[in-house]
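With the hints as constraints, model all of the structure from the sequences given.
Residue numbers (the working numbering), protein chains in the order written: chain A, 1 to 183; chain B, 1 to 308; chain C, 1 to 300; chain D, 1 to 284; chain E, 1 to 309.
Incorrect hints may appear among the rest.
EDC-like mimics (lysine to aspartate or glutamate), calculated; alpha carbons at most 20 Å apart, straight line [as the list claims (entries may be wrong)]:
hint, chain 1, residue 1, chain 2, residue 2
1, B, Lys18, D, Glu272
2, E, Lys266, B, Glu252
3, D, Lys40, D, Asp181
4, A, Lys11, B, Glu300
5, A, Lys155, B, Glu300
6, B, Lys214, E, Asp195
7, C, Lys169, E, Asp20
8, E, Lys122, B, Glu215
9, D, Lys117, D, Glu272
10, B, Lys131, E, Glu99
11, B, Lys26, D, Glu268
12, E, Lys130, E, Glu80
13, E, Lys273, B, Glu252
14, C, Lys295, C, Glu266
15, B, Lys124, E, Glu128
16, E, Lys209, B, Glu231
17, D, Lys130, B, Glu281
18, E, Lys273, B, Asp243
19, E, Lys190, E, Glu65
20, A, Lys11, B, Glu281
To be clear about the criterion: a stretch of chain B counts as covered by chain A if any three or more of its residues have a C-beta under 8 Å from a C-beta of chain A, and this derived list gives those stretches [to be verified]:
hint, stretch
21, 48–59
22, 262–276
FYI, nobody ran anything at the bench for these hints, they're computed from the structure. Note that CB positions come from ideal geometry on N, CA and C, so glycine has one too.
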Amino acid sequence: MEREKINRTDKKICIPGLRLSKANKDVISGPGTYELQGYIYANLSGILKREEDQKTKITVVSVESLRTPSLLPKTGDIVTAKEDIKSTDKDRIEPYKCFRPGDIILARVLPMTDAHWCLLSTAENELGVVTATAEGSPDGVNMVPVSWSEMQCPKTLVKEPRKVARIIPERLNKKTDDNAEKK
Amino acid sequence: MPIDYRRFNGPEDSVSYKQYTKNFLKSYEELCNELIDENEHRKDGRALDEARTMYARTNMISQAKGSSYVELKKTKVVCSVFDPREIPNKNEFSPLGQIYCEVKFAPFSCPRKRRALVPDAEEKDLSLSLKKALEPAVCRYAFPNYQIDVFVYILEHDGACLAGAINAAGLALANAAVPMYDTITACSIAVIEDKLYVDPTEEEEYVANMTPAKEGINHGIITVAMLSTLEQVAGFTQLGSMDGTCVINATEILQKECQNIVPIIHQILVKDVIHNIDLSEKLEKEAKLREAALNENMEEWKKLLSAD
Amino acid sequence: MMAGNVSIRLASERVNPSVYSGAVLPRFYTPGEVISGMKDYMRGHGTYAEDDCLKASVAGVMQKVNKLICIRPLKNRYVGEIGDVVVGRVLEVQQRRWKIDTNSRLDSVLQLSSVNLPGGELRRRSVEDEQMMRQLLQEGDLISAEVQNVFSDGSLSLHTRSLKYGKLKQGILLKVFPSLIKRRKNHFHNLPCGISVIIGNNGYIWISPNVQDVTVQEQKDEIANSDLQPVNQTDRETMARIRNCIAALVTSKMMLDDTSITYAYEESLKYESVKSLLDPEAMLDVAFLTQHRIKEMTQE
Amino acid sequence: MAEIYKLIHPVKYFNDYLTREVRPDGRKFNEQRNIKLNVKSLKCVEASAVVKCGNTTVVCGIHLKLAAPKPEEPDRGFLVTNVEVPALCSHKYKPGPPSDSAQVTNFLVSDIIANSKCINLKDLCIVPEKLTWVIHCDVVCLDNDGSLVDACIMGIMASFKTLELPKVLYDIETGHIEVDDAARTPLQVHGLPIASSFAIYKLGDRNILLTDPSSYEEDMCGGVGENFIVSSNKDLLSGTHKYGGNKLDTEELERALTIAKERAYCLENVIETCITNSEPTNNE
Amino acid sequence: MANLLLSPLEKMYILHGVRDDCRSDGRTNIDYRPMELETDVVSHASGSARLRLANTDILVGVKTEIDLPNNDQPGYGKLEFFVDCSANATPEFEGRGGEQLANSISNMMQKAYQSSDAFDLKQLCIFEGKQCWKLYIDILILECGGNLCDAVSLAVKAALYNTRLPSVKTALLDGGNVDLQLSDDPYDNKLLNVDLAPLLVTLCKIGDKFVVDPSAEEENCSVISLIVGATGNKTNYNIDNKKNESCTDSKCTTIVMNGSGSLAPKTLKNAIKQGIEAVQFLDQALGQALLRERRENVTMKKYSYGFLK
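Here's what the structure looks like:
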């Protein structure tokens, strides 16, 4: 079954349906793969990855697609989302003081509950609104956080309440990088 | 037919000029004899069991998440796949994602008539067959409550449209990084006068659907879609009239033909990955350049922050 | 494939499934029919007053309690009463409760608090329990339960706080008219043929292999495993036979309880193959013989 | 990284480029994209053309039919142009009946073709009051990456230029029709209409005219699709259409017209060359 | 029926039952449930039939109309199927709810009847190139209890068997028009030849095995089924009841995979064979019933039993 693997700068290329390995206690199927009758197969086209956990000695076989895969967020991922009040928790106290439509937020994906829709949480210091535009300000002018609950527009100096993500600007780079992978 | 106000319609009673040409109404025997010469060679020089060489590529449509183009000589098929979207008008939870397929013929795709722009019965049937064939190939558990749109456009119809559509859709889905259990390939066969025509042209399909001169002669069309590694039949449609042995013989041939297409599909997918590797390397370089520009902004931001 | 059994009969060969019960047929009222003058009587369910008369609003038979007149419809959705045993299916998992289909007009409710949670009765119900609800009962699961309360709109609240109630395992569900179910003290029956039947008051009948006596908690893993074990061939055939017998009784509109089902089962044994009981003539025969035995018994 | 930046700060991202006098895809403001044209690539139609302007791809095919002319215009034939923008060409379109913007494109293209008077409908008439040609010209968009109208017009014109009508014999007494498929005469095409699209972006107090905008640029400039379309037929202006985007002053309008004129020369050249190049293969 | 809910353990019970060849109602995997058939139930239709298969109830009416033949098929008549999923069957069918199912069934029937081996459209020709009969076959689904396709195909064949076309005399007039004269005598009519009309058999894969005539519950346990349409047999409709041994082989007119699963090639081929065999049994049973009814009706006037039980 090695027929489609081409060594190109030591990257192993996989395509859907390619049998990658036997599946057992030590070798398990990771993202981009699935298990069927004792074998692990690829379900994306991309590059093969084998990662061994130092402690448990379990190898995770996964396939990394070079395209942003059409996958939905998984539990535990941190996602950037364009704010839409409806999709988040409606019962939140005064949601208007935390987020407004058009804001970009960082949130953690909660486990799927009975309602079956994707629940996001910003109940961590580092999660919350990343960028937002104040009401009446021109497009493209973003507010700057002034405290954990307020942001200010540099142009119009309007202050608006927000649940601000605790990110020091230097780290924004790294953070968004994470998202690029996980989104 | 209700009038379509969204488009321009020609005069209602227009007819194709071809009706008045000499060769319009040929008898079954005439058409049948034309298909094949005494050496059992078909009109385009192929042997009966010879499929057309398939040309295919991915990344055909820039605006789509994944796309492909498949060409079997004159048959030309374009397919595009978009990001999953929420299933419209549905409230209940569906644990498996849905695939929405739409097969459409271009108005100028068929030699015999101009295709209407509103979907007709044949297009709906093809869409359904395509959907059924793709369902076992796609890991639908990966996108619960969502729907993936697969659009197939047939630019030119010269037979084996369903097979072409399935091959194109398989490529486009893989190209769009939609998780799939296996690569899917498909092939058609036409049965005329008990003879099996692999990968038929439009003319051959037309004759295969005609009433044969003698009663009880096998005729019709079979299309099979296969998952190659798992060795499963993902889609099967038969039409016409054939006895059991004929169906089973044809199925066996199609199974092999589907397998023959697999290397072509694999090659394209591997090329696609290589292309993506190159692209991501290039993008990485560009991104580094941009980062410099971005960092300037950061400085600005930091200044503002500290000023506050 | 060998020769399959295909039988097509004509409408002219149709069997009249009704069996003569010997009892006096009650008067049958149709909607709009005058029952009596208003003066002396009180208006009950299935009736309405018009032009100084009491009229039937449903098709059915009259029931008279003192001065109260009701018309009981022949075909009806289940109207629950407190204490009824029902078999129901989980339709939806909601916040702290399940929505259950019990063949009533409105969906019934099973509160999380009306369920025995794993690990003993006295546990406090926590937020975790709410998130685990789907593990307890998910959409499609069947349960047996008792009607705990009837709300003012007629919808029911159920409870399963007894060991005999709860999730149902492998078996066959049969849906019949609730009016054919005879009210009994006990609706859980272990039939002599080794099959247990739950005759829900709501017309849902559950046929399953005989439940082993309540097992001790420690053997839980084994129980979970035994749920997945295939039912053995004899039990399976007997269950199919009971199913077909109940279907035969229902076709002939006979009342269902453990006696009639047992009789029907015994009478059906003269047909060796279970599937021949799908034949309308055999069905009528079984129903007729059952009726006969019930009559004999009541005469004694 | 750049993608994320583009997503989070869309306006800033676009502005950053334009202030440096360059478009996000590396083009100059008045630079058009590469054009590829191919005629006679479809075998089952009378005439066809495939046009690619950058990523934007359209296919045009012509079907011929016969019908009786309208009683009020007994000596005129029919020219029916339709632009189909199926859901597969962009995520902006959903399956089902054509969206509003698709209809607008359809009407616009038909208008430009009709206004340019490149086809004299009288040429299509075979026998007045009895029989006339119906030209069904269908354009399908496979990939909509902006400036769709330009590509459609180009596809239609390239197809017209290669269209030949079969010879028809009509017996007035019996109404019998006979068509000779082999004897064909080319369709008379008057001039060569060309459309040029622009997007207009307001950067600070400056108006920027973007020639041959991509889909992304069209979106950034507001409105649906192109903002400004100039159509001309051989040096003669045959129409301008302005949709959304920023307003345009006279000076800029003149600049746009000059660019469109230059561009028309260039495109005419492309079409003519492509057709002459395809001739020998046709005569084999 | 998509809305039918089953618990995982109920499904398992059904699955094991199929594995052991003993289904919930005691049938083996190849048994059909008893059916009841009546033809000529709709007096205003040219032909009609009602078929009840357990809880599945199908009513078919055939209407005839005179039409122009298609340009490229001057000597042929036309056949059109229309399925209506009545909201009586299940509330899901209300509005446009049953549309998809209805379309797929009518599509399948159209395909099954497409070949000339299945139904000879020449018998619907009145005057070549000018006039032909068009049969509208309206299929009404009154109740769903599983296995719709098989039941529909049986009812359609019975209704066509029952269809009578009035005799028409034709004469060619000047100017190419045709003069039609319909016979006044209601008994002056002709029957259609539908001996070869195809039947559909659904083979429903549950676990590793196929079953025929699945109940609604069984259909719910299956992810893939194969529908085989094959032609009937002339000898089954031979009124003299002579056993003609040279029985022609059934021919497949349409085969479709239904559902979201896939099949191993070997399984598929076996299933096709099984399907053809099953069609032969079904056709035999249908032929016997139809002949019996026709014989009965020769001796006495047809009494309509209808829907009353």
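Verification of the supplied hints:
no.	hint	verdict
1	B:Lys18 x D:Glu272	30 Å, violated
2	E:Lys266 x B:Glu252	10 Å, holds
3	D:Lys40 x D:Asp181	17 Å, holds
4	A:Lys11 x B:Glu300	40 Å, violated
5	A:Lys155 x B:Glu300	14 Å, holds
6	B:Lys214 x E:Asp195	18 Å, holds
7	C:Lys169 x E:Asp20	19 Å, holds
8	E:Lys122 x B:Glu215	13 Å, holds
9	D:Lys117 x D:Glu272	19 Å, holds
10	B:Lys131 x E:Glu99	17 Å, holds
11	B:Lys26 x D:Glu268	43 Å, violated
12	E:Lys130 x E:Glu80	19 Å, holds
13	E:Lys273 x B:Glu252	14 Å, holds
14	C:Lys295 x C:Glu266	16 Å, holds
15	B:Lys124 x E:Glu128	32 Å, violated
16	E:Lys209 x B:Glu231	18 Å, holds
17	D:Lys130 x B:Glu281	66 Å, violated
18	E:Lys273 x B:Asp243	10 Å, holds
19	E:Lys190 x E:Glu65	15 Å, holds
20	A:Lys11 x B:Glu281	13 Å, holds
21	48–59	violated (count 0)
22	262–276	holds (count 7)
Going through the hint list in order, the structure does not satisfy hints 1, 4, 11, 15, 17 and 21.
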